[in-house]
Amino acid sequence: EDQVTQSPEALRLQEGESSSLNCSYTVSGLRGLFWYRQDPGKGPEFLFTLYSAGEEKEKERLKATLTKKESFLHITAPKPEDSATYLCAVLTNTNAGKSTFGDGTTLTVKP
Amino acid sequence: KAGVTQTPRYLIKTRGQQVTLSCSPISGHRSVSWYQQTPGQGLQFLFEYFSETQRNKGNFPGRFSGRQFSNSRSEMNVSTLELGDSALYLCASTNPTGTGTYEQYFGPGTRLTVT
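Just so you know, the sequences run in chain order A and B.
Each residue of the first sequence is one higher than the last, beginning at 1 in the working numbering.
Each residue of the second sequence is one higher than the last, beginning at 1 in the working numbering.
Think of the hints as simulated: they come from the structure by calculation, not from any bench.
C-beta: ideal position from N, C-alpha, C; glycine also.
Keep in mind that a hint or two might mislead.
Said to hold, decoys possible - Listed next, with one range per pair, are the computed distances between beta-carbon atoms:
{"no.": "1", "chain 1": "A", "residue 1": "G54", "chain 2": "B", "residue 2": "E82", "range": "41 to 47 angstroms"}
{"no.": "2", "chain 1": "B", "residue 1": "T113", "chain 2": "A", "residue 2": "D39", "range": "19 to 25 angstroms"}
{"no.": "3", "chain 1": "B", "residue 1": "R63", "chain 2": "A", "residue 2": "E17", "range": "42 to 48 angstroms"}
{"no.": "4", "chain 1": "A", "residue 1": "K79", "chain 2": "B", "residue 2": "G3", "range": "20 to 26 angstroms"}
Using the sequences plus the hints, can you model the full thing?
Now the structure itself:
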């Protein structure tokens with residue numbers, strides 16, 4: 001069974017204090033790993049899809065990387081508006097159309 | 001480009017009733033997935049449709065069903081509602097391109113409260 005574990009559950013940072021969120025996964029046949037941002041009461045907002053180990057993608061202050069067992073979401077010099085829950089999900093070759101999600105990391109950035 | 005739309009946004013139902021939720025995917029997207037999100041269980045996969053065919057189903061009871069129309073719009077139905085069905089129901093639209101890349105976009109969700 002596909003498994004996704006995110007850590008830490010919660011992270012509090014000062015504005016400008018860079019850090020990383022972790023997403024560990026156990027799947028057979030990774031098709032893609034998704035990162036999302038979710039604000040309270042809203043649907044997840046798509047950030048990145050990573051496909052193979054060694055791949056990196058960037059968007060503003062966010063950079064996502066992928067290895068064979070985990071993915072990291074690096075947040076550089078975060079701002080209060082980056083406060084949200086960040087979700088990781090995997091899509092596999094054996095489970096068409098089904099994304100398995102981690103429980104998320106809730107990030108709070110204090111000014 | 002319009003995003004994924006879901007209707008209604010909020011719904012209050014009584015135990016034992018049934019409910020139908022609607023999702024319109026991004027234009028050109030043929031895959032629609034449904035998820036249930038609760039504080040205790042996180043995002044749980046319900047089912048996925050592609051070109052009107054259900055390709056995958058999660059571990060939910062038969063009270064949860066869905067369908068997809070020829071224009072890719074999708075509906076999900078929950079019969080005999082239980083208190084535990086209270087949740088945010090999310091629809092996601094995915095368009096795998098010819099290169100095998102995937103981007104999955106979610107709608108705003110329907111907040112269902114069962115009393």
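Against the structure, the hints come out as follows:
Checking the proposed 41 to 47 angstroms range against G54 (chain A) and E82 (chain B) shows it holds: the Cβ atoms sit about 46 angstroms from each other. Take T113 (chain B) and D39 (chain A): their Cβ atoms lie about 20 angstroms apart, and the range 19 to 25 angstroms holds. The hinted window of 42 to 48 angstroms between R63 (chain B) and E17 (chain A) holds, with their beta carbons roughly 47 angstroms apart. Roughly 24 angstroms separates the CB atoms of K79 (chain A) and G3 (chain B), a value that falls within the hinted 20 to 26 angstroms.
In summary, the structure agrees with every hint in the numbered list given earlier.
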